[in-house]
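Enquirer: These are the residues of each chain, in order.
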Amino acid sequence: MKISKKDVEDIAHLARLKVDESLVGKYAEQISDILKYIDKLKDVDISGAELVSDASFNINVLRADDPVKSGGPAVTLVNAPERIDDFFQVPNTIKPN
Amino acid sequence: MFEPVIGLEVHAQLKTKTKIFCGCSTKFGEPPNANTCPVCTGMPGVLPVLNKKAVDLAIKTALATNSKIARQSRFDRKNYFYPDLPKGYQISQYAYPIAEHGFLDIENKRIGITRIHMEEDAGKLTHDPARGKSLVDLNRTGIPLVEIVSEPDIRSAKEAGQYLKKLHQILKYTDVCDANMEKGQFRCDANISLRIKGTEKFGIRAEIKNLNSFKNVEKAINYEIERQAYILEEGGEVIQETRLWDPVKNKTNSMRGKENAHDYRYFPDPDLVPLIVDDQWIDEIKKTLPELPDAKQTRFVTDYNIPEYDARVLTSSKKLADFFEETTKDLKDKKQASNWIMTTVLGMLNTKGVDIESSPVSAPSLAELLKLLENSTINIKGAKTIFEEMVETGKSPEEIVKDKNLEQVSDQSELENIVIEIINKNPKEVEAYKNGKTKLFSFFMGQVMRETKGKADPKIITEIIKTKLQDDN
Numbered sequence: 028m029k030i031s032k033k034d035v036e037d038i039a040h041l042a043r044l045k046v047d048e049s050l051v052g053k054y055a056e057q058i059s060d061i062l063k064y065i066d067k068l069k070d071v072d073i074s075g076a077e078l079v080s081d082a083s084f085n086i087n088v089l090r091a092d093d094p095v096k097s098g099g100p101a102v103t104l105v106n107a108p109e110r111i112d113d114f115f116q117v118p119n120t121i122k123p124n
Numbered sequence: 163m164f165e166p167v168i169g170l171e172v173h174a175q176l177k178t179k180t181k182i183f184c185g186c187s188t189k190f191g192e193p194p195n196a197n198t199c200p201v202c203t204g205m206p207g208v209l210p211v212l213n214k215k216a217v218d219l220a221i222k223t224a225l226a227t228n229s230k231i232a233r234q235s236r237f238d239r240k241n242y243f244y245p246d247l248p249k250g251y252q253i254s255q256y257a258y259p260i261a262e263h264g265f266l267d268i269e270n271k272r273i274g275i276t277r278i279h280m281e282e283d284a285g286k287l288t289h290d291p292a293r294g295k296s297l298v299d300l301n302r303t304g305i306p307l308v309e310i311v312s313e314p315d316i317r318s319a320k321e322a323g324q325y326l327k328k329l330h331q332i333l334k335y336t337d338v339c340d341a342n343m344e345k346g347q348f349r350c351d352a353n354i355s356l357r358i359k360g361t362e363k364f365g366i367r368a369e370i371k372n373l374n375s376f377k378n379v380e381k382a383i384n385y386e387i388e389r390q391a392y393i394l395e396e397g398g399e400v401i402q403e404t405r406l407w408d409p410v411k412n413k414t415n416s417m418r419g420k421e422n423a424h425d426y427r428y429f430p431d432p433d434l435v436p437l438i439v440d441d442q443w444i445d446e447i448k449k450t451l452p453e454l455p456d457a458k459q460t461r462f463v464t465d466y467n468i469p470e471y472d473a474r475v476l477t478s479s480k481k482l483a484d485f486f487e488e489t490t491k492d493l494k495d496k497k498q499a500s501n502w503i504m505t506t507v508l509g510m511l512n513t514k515g516v517d518i519e520s521s522p523v524s525a526p527s528l529a530e531l532l533k534l535l536e537n538s539t540i541n542i543k544g545a546k547t548i549f550e551e552m553v554e555t556g557k558s559p560e561e562i563v564k565d566k567n568l569e570q571v572s573d574q575s576e577l578e579n580i581v582i583e584i585i586n587k588n589p590k591e592v593e594a595y596k597n598g599k600t601k602l603f604s605f606f607m608g609q610v611m612r613e614t615k616g617k618a619d620p621k622i623i624t625e626i627i628k629t630k631l632q633d634d635n
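So the sequences go chain by chain: A and B.
Read in this note's numbering, the first sequence has 111 at position 84, and its numbers run on one by one without any break.
Read in this note's numbering, the second sequence has 182 at position 20, and its numbers run on one by one without any break.
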């Protein structure tokens, strides 16, 4: 699968990554190469194999509805880049109309 | 002329103690991020494990909405970027939902239910536009939801309202969801499009979000119908988009800021194994299903011989229906009990702004009061006074009757003496009555009532006055 420069820009935007414009072409090539490598899977003969989407062949792995003590902000926010009190702080998500 | 085509998506929070894939509490109103752990905040390397209770409640929802439960269902990742979604994807059911092909009956119409699927809720954002920042609280992240998707069978705001109220009622009856709309436990999105009446093909739809009350749902749908009709009449085209209802300005606005939201790149969640629901599991849940509103309404009409209207009002909530049944258990006059609950009790609750569960007058107390009325210990006027006193003081009807001396005078000889006295005091009126001015009968009634301070049994004094006035002939 071929990844275009436009794809790289779109993915970077979605992932909120700043990408140096001069590197966009290089990244497009590298990502295309990675995907091409994965394309090798297409050469495997899977005729007659059943479709499986789960890593395990278990079914119904369930837990009881019993509360446990949560770690809370002390655990959850420990690596927060920006915070106010016990909230994460992020750029405003609502654009002014 | 245009015809609206409306489908509704309802998200209902399942009433579990813990989140859908971890043991964090689902308690509402906790400090920010108190109910969070590495699993629900999507830290690398954690393993989500499905809460059985959430599945039980989803099965119950499916049974109560006449839906077909899938023997095998699965969980998928719905990918999108937004700060309320720490993992970068929401665990939902896409290709294999837990139930499909249900329906609900509203007035004169059946509304199809396309599917019911389980998923996790997202976090909550509060916006601080002045500082250009948003605050993220992930307590809600991972709370189990069912999404109930209707067929596009709804044709008006009114029908949408009826469908939602019915669904809300059923979820509360089955105790699947507390369904408090203000707390966001029952949320609704509406898909609306218009088409030329008589044609089959659907028009381009808009999705309306932020409909947090029944009233707003109807208002927003009506607004959106008008907005789209105006665009189409002017020869324009409706844009397929998500719009937010603004309950202050009473309009919908295009929702910007959620880019590329249409491509969710669903794929099966490899951390979660298939969910297999067998007959035994379904039968277990079936046993926990209460009598549903429609069945209860029909039974009330036949068992208690009350009008359909009364039955509908009384079964509007399970708690109210239970209150009626408890009150009326040992009473002969079921209709009288129904009238008292629908007008006096509900009126009082409305004034006080509380619901039936916290009614200051309990069902047994009301039954005691109505019993006194039935066996003529008190009359209707006295009953109203006692009821008000019960609301204020919490005293029992018997106590109040004694305290206030409201016991109805039904002693025959005592009442006879009073009537005779009144007849003797009013010879002119007696004369006029005998000469055919029968309207004066109420004058005598009034006099007796005044004499007994309203406590006389009206049935008995009517008889006595009639006899005494004839006796004199």
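Since the hints were derived computationally from the structure, they do not count as laboratory data.
Accuracy of the hints is not assured; some may be wrong.
[What the hints assert, rightly or not] Computed spacing ranges between beta-carbons, pair by pair:
#1 B:P200 x A:Q57: 29 to 37 angstroms
#2 B:D441 x A:E56: 49 to 57 angstroms
#3 A:V102 x B:R461: 51 to 59 angstroms
#4 B:A257 x A:I61: 24 to 32 angstroms
#5 B:K543 x A:K96: 53 to 61 angstroms
#6 A:V102 x B:D340: 24 to 32 angstroms
#7 A:G52 x B:E388: 47 to 55 angstroms
#8 B:N241 x A:V46: 18 to 26 angstroms
#9 A:E56 x B:A257: 50 to 58 angstroms
#10 A:A107 x B:D425: 23 to 31 angstroms
#11 A:E56 x B:E399: 37 to 45 angstroms
#12 A:D112 x B:N241: 51 to 59 angstroms
[Unchecked claim] Far from chain A, some chain B residues (derived; all Cβ distances over 10 angstroms):
#13 V167
#14 D299
#15 K546
[What the hints assert, rightly or not] Straight-line alpha carbon distances no greater than 25 angstroms define the calculated PhoX-like cross-link-like pairs of lysine-lysine that follow:
#16 B:K189 x A:K96
#17 B:K230 x A:K96
#18 B:K230 x B:K249
#19 B:K345 x A:K96
#20 B:K189 x B:K480
#21 A:K45 x B:K295
#22 A:K96 x B:K286
#23 B:K177 x A:K96
#24 A:K96 x B:K249
#25 B:K179 x A:K96
#26 B:K497 x B:K533
#27 B:K249 x A:K45
#28 B:K615 x B:K564
#29 B:K215 x A:K96
#30 A:K45 x A:K67
#31 A:K33 x B:K240
#32 B:K491 x B:K480
Nothing here was measured: the structure is a model prediction, and the numbers come from that model.
From the three backbone atoms N, C-alpha and C, an ideal C-beta is built for every residue, glycine too.
Enquirer: Check each numbered hint from earlier against the structure, then list the numbers of those it violates in ascending order.
Expert: 9, 12, 14, 17, 18, 30
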